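*Asks:* As they're listed, the protein sequences go chains A, B and C.
Under my numbering, think of the first position of the first sequence as 1, with each following residue one higher.
Under my numbering, think of the first position of the second sequence as 1, with each following residue one higher.
Under my numbering, think of the first position of the third sequence as 1, with each following residue one higher.
Treat the hints as calculated values from the structure; they're not laboratory data.
All figures in this text were calculated on a predicted structure; none of them were measured in a lab.
A hint or two may mislead.
Have a look at the derived ranges for each label pair, beta carbon to beta carbon [as the list claims (entries may be wrong)]:
1. A/65 <-> C/15: 28 to 36 Å
2. A/171 <-> C/302: 57 to 65 Å
3. A/9 <-> B/37: 36 to 44 Å
4. A/136 <-> C/312: 32 to 40 Å
5. B/118 <-> C/78: 18 to 26 Å
Okay, the calculated bits of chain C under chain A, using three or more residues with CB under 8 Å as the criterion [what the hints assert, rightly or not]:
6. 23-34
7. 55-66
8. 203-217
9. 220-234
10. 271-278
Don't be surprised by glycine CBs; every beta carbon is placed ideally from N, CA and C.
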Amino acid sequence: MTALLEVDDLRISLPGPDGPISIVDGVDFEVQLGQVFGLAGESGCGKTITALSLLRLLPPRAQASGHAIFDGRDLLALSAAELRAVRGRKLAMVFQDPTSSLHPMLTIEHQLTEHMLVHLRMDRRQAHRRALGLLEEVRIPDPESALRGYPHQFSGGMRQRIQIAMALACEPSLLIADEPTTALDVTVQAGILRLLDRLCRTSGLAVILITHDLGVLSAVSDTVAVMYAGRLVETGPTSDVLQHSRHPYTRGLLDSLPHPQAADLPLVPIRGSPATPSERPGGCAFHPRCGFALAACQREVPALIELTPGRRMACPVDPLALREPELVG
Amino acid sequence: MSARAGSRGGEERGTGGPRSVARGLLRRGSASVWLQPLAVVGMLLAGAWLAIAILAPWLSPYDPLDQAAGLFQPPTPAHVFGTDELGRDVFSRVLWGAQVSIPLAMLLVSLAFLIGGTLGALAGYFGGWVDEIVMRAADLVFAIPTILLAMAVVAALGAGLLHAVLAVVVVSWPGHARVVRSMVRTTMESDYVAVARLLGASAARALAVEVLPNVAGPVIVLAALETGNAILLLSGLSFLGLGARPPTAEWGSMVSTGAQHFESWWIGTFPGLAIVSVVLAFNFLGDSLRDAFDPQAVTGRARGA
Amino acid sequence: MSVLDVREVEVVYPRRDGVPVRAVAGASLQVDAGEIVGLVGETGCGKSSLARVAVGLVRPYAGEVYFEGRPLHALGQRSRAPGEVRLQMVFQNPYGSLNPRRRIGDQIADGLRATGDRTARNPAALPNAAAVATRAMAPRRQRVAELLERVGLAADTADRHPHQLSGGQRQRVAIARALAADPRIIVLDEPLSALDASVQAQVANLLVELARDLGMGMLLISHDLAIVRHVAHRTAVMYLGQIVETAATSQLWQAPRHPYTRALMDAIPRTDSAGHLPEALAGEIPDPAHPPVGCRFHPRCPYAFDRCRVDVPVLLHTPDERAVACWLHAPGAPVTVLGTTVEAIAP
Numbered sequence: 001m002t003a004l005l006e007v008d009d010l011r012i013s014l015p016g017p018d019g020p021i022s023i024v025d026g027v028d029f030e031v032q033l034g035q036v037f038g039l040a041g042e043s044g045c046g047k048t049i050t051a052l053s054l055l056r057l058l059p060p061r062a063q064a065s066g067h068a069i070f071d072g073r074d075l076l077a078l079s080a081a082e083l084r085a086v087r088g089r090k091l092a093m094v095f096q097d098p099t100s101s102l103h104p105m106l107t108i109e110h111q112l113t114e115h116m117l118v119h120l121r122m123d124r125r126q127a128h129r130r131a132l133g134l135l136e137e138v139r140i141p142d143p144e145s146a147l148r149g150y151p152h153q154f155s156g157g158m159r160q161r162i163q164i165a166m167a168l169a170c171e172p173s174l175l176i177a178d179e180p181t182t183a184l185d186v187t188v189q190a191g192i193l194r195l196l197d198r199l200c201r202t203s204g205l206a207v208i209l210i211t212h213d214l215g216v217l218s219a220v221s222d223t224v225a226v227m228y229a230g231r232l233v234e235t236g237p238t239s240d241v242l243q244h245s246r247h248p249y250t251r252g253l254l255d256s257l258p259h260p261q262a263a264d265l266p267l268v269p270i271r272g273s274p275a276t277p278s279e280r281p282g283g284c285a286f287h288p289r290c291g292f293a294l295a296a297c298q299r300e301v302p303a304l305i306e307l308t309p310g311r312r313m314a315c316p317v318d319p320l321a322l323r324e325p326e327l328v329g
Numbered sequence: 001m002s003a004r005a006g007s008r009g010g011e012e013r014g015t016g017g018p019r020s021v022a023r024g025l026l027r028r029g030s031a032s033v034w035l036q037p038l039a040v041v042g043m044l045l046a047g048a049w050l051a052i053a054i055l056a057p058w059l060s061p062y063d064p065l066d067q068a069a070g071l072f073q074p075p076t077p078a079h080v081f082g083t084d085e086l087g088r089d090v091f092s093r094v095l096w097g098a099q100v101s102i103p104l105a106m107l108l109v110s111l112a113f114l115i116g117g118t119l120g121a122l123a124g125y126f127g128g129w130v131d132e133i134v135m136r137a138a139d140l141v142f143a144i145p146t147i148l149l150a151m152a153v154v155a156a157l158g159a160g161l162l163h164a165v166l167a168v169v170v171v172s173w174p175g176h177a178r179v180v181r182s183m184v185r186t187t188m189e190s191d192y193v194a195v196a197r198l199l200g201a202s203a204a205r206a207l208a209v210e211v212l213p214n215v216a217g218p219v220i221v222l223a224a225l226e227t228g229n230a231i232l233l234l235s236g237l238s239f240l241g242l243g244a245r246p247p248t249a250e251w252g253s254m255v256s257t258g259a260q261h262f263e264s265w266w267i268g269t270f271p272g273l274a275i276v277s278v279v280l281a282f283n284f285l286g287d288s289l290r291d292a293f294d295p296q297a298v299t300g301r302a303r304g305a
Numbered sequence: 001m002s003v004l005d006v007r008e009v010e011v012v013y014p015r016r017d018g019v020p021v022r023a024v025a026g027a028s029l030q031v032d033a034g035e036i037v038g039l040v041g042e043t044g045c046g047k048s049s050l051a052r053v054a055v056g057l058v059r060p061y062a063g064e065v066y067f068e069g070r071p072l073h074a075l076g077q078r079s080r081a082p083g084e085v086r087l088q089m090v091f092q093n094p095y096g097s098l099n100p101r102r103r104i105g106d107q108i109a110d111g112l113r114a115t116g117d118r119t120a121r122n123p124a125a126l127p128n129a130a131a132v133a134t135r136a137m138a139p140r141r142q143r144v145a146e147l148l149e150r151v152g153l154a155a156d157t158a159d160r161h162p163h164q165l166s167g168g169q170r171q172r173v174a175i176a177r178a179l180a181a182d183p184r185i186i187v188l189d190e191p192l193s194a195l196d197a198s199v200q201a202q203v204a205n206l207l208v209e210l211a212r213d214l215g216m217g218m219l220l221i222s223h224d225l226a227i228v229r230h231v232a233h234r235t236a237v238m239y240l241g242q243i244v245e246t247a248a249t250s251q252l253w254q255a256p257r258h259p260y261t262r263a264l265m266d267a268i269p270r271t272d273s274a275g276h277l278p279e280a281l282a283g284e285i286p287d288p289a290h291p292p293v294g295c296r297f298h299p300r301c302p303y304a305f306d307r308c309r310v311d312v313p314v315l316l317h318t319p320d321e322r323a324v325a326c327w328l329h330a331p332g333a334p335v336t337v338l339g340t341t342v343e344a345i346a347p
């Protein structure tokens with residue numbers, strides 16, 4: 001089955017005082033129809049800019065290279081006109097802060113129907129009906145009066161649902177969600193995750209879910225790719241990557257997170273802190289923080305090798321081989 | 001379990017976005033702000049005019065009041081800017097004009113800054129009726145068109161350069177007061193001021209040690225920009241005959257004379273260009289100062305990526 | 001006697017349309033020496049307002065705060081009383097809590113000045129005066145270096161400015177500064193929220209160490225119930241201005257009694273959930289200016305019965321040092337519902 005989106009050797013750099021600084025350093029992954037693909041990592045790892053590059057929303061002086069084949073065409077090579085046909089129509093995005101991505105002075109109806117009127121060439125009545133349907137789909141109570149309302153009248157969780165409704169207006173096949181629940185309370189987050197899950201199962205929507213929260217990915221995503229310092233370190237089916245992680249960074253991250261089984265034990269942090277893009281160490285970017293680092297790790301960038309089909313990992317050491325599987329988590 | 005002090009940035013959620021990454025990279029060298037073309041031009045120009053203001057007596061080829069040369073002479077090698085209606089060398093008068101306008105403008109801005117800044121700080125610190133009184137007084141001044149109010153003040157005091165300076169101080173202080181007041185109020189809400197108070201500092205000490213140094217930056221920027229404004233106002237008053245009195249070489253009055261003798265274009269044009277270039281210089285300087293102070297400002301986001 | 005004793009505190013804000021908002025509607029908490037108490041709640045529950053009252057930044061509308069047995073005075077124009085300086089706070093935003101224009105070392109030294117100078121003036125005023133006086137006599141610079149190392153930073157951090165440090169480093173500086181005042185209690189308002197996951201763990205462990213090694217009490221405010229589990233000895237849960245449950249942390253997780261506590265726990269996505277979605281809580285947080293009548297949680301509670309809609313629950317204390325404000329646990333509650341709540345708890 002051909003993938004809905006195939007990203008190949010994506011590289012993104014930004015200009016710096018001493019020349020271009022590499023933010024994303026050769027990333028490739030696939031997203032299948034109807035699946036949730038999780039892109040995980042901490043700040044500065046490049047996950048957000050990866051997503052933005054697919055929609056060509058990079059800052060003006062950024063340089064991007066590589067391919068992103070979506071629906072048979074390379075997103076990175078589209079002309080402005082072709083891009084307009086894709087953005088918002090086949091490929092949509094939802095951002096972290098619904099407050100700043102909704103226009104404060106336009107009604108919900110206006111913002112919802114804008115896309116439809118432009119892309120789908122509907123008339124107002126059709127668009128209105130569809131907008132009602134969308135609000136119902138995202139479970140906004142009393143959609144009729146909600147349409148007449150303004151963003152500030154809604155809570156954070158509601159605004160995020162509205163943002164999702166806007167993204168779905170033109171029935172995209174791929175939705176990119178950048179930290180959609182990070183700014184929300186945990187009970188509200190649960191609601192949004194359930195919504196995303198339902199949308200995928202019922203309409204075959206594919207989602208790229210970007211987050212630092214591995215718990216969220218465990219609950220919702222089918223496959224996950226862990227990023228560190230602009231490179232992928234581990235990818236594969238979510239339960240496999242999170243229950244049987246093999247890369248030291250993934251392991252370290254899981255150990256530093258609260259987990260119910262080890263509630264009485266202290267958290268085990270990863271020493272040091274994530275390096276900024278301009279200060280990335282040579283060789284394996286994680287080596288200064290890694291408990292398993294070898295001398296070679298300082299010189300050579302580990303290649304992302306395929307352990308089994310669909311399961312990749314970039315570390316020569318493979319801690320899992322050195323430890324008992326029961327020590328996971 | 002202690003951790004090494006890691007490298008800067010990247011730990012907090014909030015620097016993940018590409019724009020903030022770009023900004024973080026560019027923020028690195030605040031020194032590079034001064035290498036921008038506008039900053040260089042501003043500094044050179046302002047520096048040159050300041051030098052002229054100080055060195056006018058030595059730089060000018062003729063005495064500005066000396067009426068020896070022929071009247072209405074166009075620019076020649078002997079008189080680079082020509083001569084005016086009384087035979088005085090325009091070039092020398094332009095140079096000496098700098099000695100009048102620039103120091104006075106700087107004095108003026110300092111006064112307005114001291115008065116307005118103090119009132120604004122008190123208003124921001126105390127709030128309540130102190131705030132009300134200061135702000136309503138400021139509103140009163142703002143309500144009247146600037147040049148009219150300045151004219152009214154000079155008319156009341158009598159024409160003359162010193163009175164013109166006072167008039168401009170009267171119309172300028174509210175601008176400073178407003179800025180300082182709002183900055184003081186915002187800064188006093190900051191967490192680090194709360195911390196200082198919790199550690200035992202009195203409110204007054206917190207104001208002096210924590211708030212005012214942080215307020216200084218934008219206020220200095222405002223002062224630099226206001227200098228250009230002050231020069232314009234002073235020249236404007238002199239143009240209207242309310243400021244410098246003849247035979248003082250002042251740009252505004254020279255432009256006024258030039259307007260009366262249009263065919264001798266050099267009389268009014270060169271002083272006019274001098275005004276333009278000085279005001280531009282201080283504006284560029286102010287903008288660069290603002291950019292230079294900007295790298296210090298940090299924006300952080302809680303619970304964000 | 002608890003070192004920090006918050007009694008029936010209420011915090012009221014006037015809103016733009018004139019309707020007063022009771023951000024905190026009667027809350028009580030105690031923190032003992034060496035104990036970390038976690039206060040957990042979601043947006044709008046009033047935990048930050050309660051924190052500010054507990055540390056003395058703001059005077060409560062009603063209720064009192066006692067520190068070391070004496071009434072706490074909120075900040076006014078004057079400087080704080082010397083005894084009260086031993087109650088400190090660490091703020092949420094690592095970018096706003098340090099003065100951008102001053103050196104790190106100078107800012108930490110503020111805390112030393114707080115204890116040192118006052119001891120010099122009136123040595124008998126503070127307990128442990130001899131030890132404190134000795135510390136005050138040691139060179140300030142050395143003490144600052146000690147404090148920096150205590151929180152895991154290099155001593156030369158003292159010469160840097162805040163913009164040169166990362167978020168996690170700044171939080172450590174904020175903790176060091178609070179430590180400089182030799183506190184008995186530190187109130188921390190969401191100290192971990194703005195940090196990356198791997199760094200959160202570092203700072204969380206640091207807090208546990210400090211409480212243990214220095215016998216310091218802490219009131220840790222957080223929205224993250226999961227991380228509080230690893231840090232706090234006791235946990236209090238807050239909803240819409242009221243504390244709904246308190247217990248020893250392990251007991252809380254083993255058997256949560258309040259339906260809201262349970263909902264919070266069920267909503268947390270776990271890294272081993274393997275596709276199992278977290279439970280959402282029905283409804284929205286009500287407007288704090290117009291809270292529901294009776295139990296504030298009843299519109300969203302799956303177990304609400306008649307009494308919940310009418311009477312405001314009181315915090316019921318049980319002999320096992322737990323407290324819960326829920327009519328399900330009071331005599332007269334429907335037995336079957338009570339049975340369901342008590343038994344069907346899964347961590």
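*Asks:* Would you mind marking each hint as holding or not holding in the structure?
*Replies:* Now for the hints, and whether the structure bears them out:
As the Cβ distance of residue 65 of chain A to residue 15 of chain C is approximately 53 Å, the hint placing it in 28 to 36 Å is violated. A hinted range of 57 to 65 Å for the beta carbons of residue 171 of chain A and residue 302 of chain C is inconsistent with their spacing of about 35 Å. At roughly 38 Å, the beta-carbon separation of residue 9 of chain A and residue 37 of chain B lies within the given 36 to 44 Å, and the hint holds. Our hint of 32 to 40 Å for residue 136 of chain A and residue 312 of chain C holds, since their Cβ atoms are close to 36 Å apart.
Taking 18 to 26 Å as the suggested C-beta distance range, the pair residue 118 of chain B and residue 78 of chain C conforms, at roughly 23 Å. Residue count for the segment 23-34 of chain C with a Cβ under 8 Å from a Cβ of chain A: 0. That is fewer than the three needed, and the coverage hint is violated. Closer than 8 Å: that is the beta-carbon criterion, and the segment 55-66 of chain C has 0 residues meeting it against chain A, so the requirement of 3 is violated. Interface restraint, the segment 203-217 of chain C with chain A: holds (3 residues with C-beta to C-beta distance below 8 Å; minimum three).
Residues of the segment 220-234 of chain C with a Cβ under 8 Å from some Cβ of chain A number 7, which satisfies the need for three, so the listed coverage holds. Counting residues of the segment 271-278 of chain C whose beta carbon lies closer than 8 Å to any beta carbon of chain A gives 8, which reaches the threshold of three, so the coverage claim holds.
Hint check: violations occur at hints 1, 2, 6 and 7; the rest are consistent with the structure.
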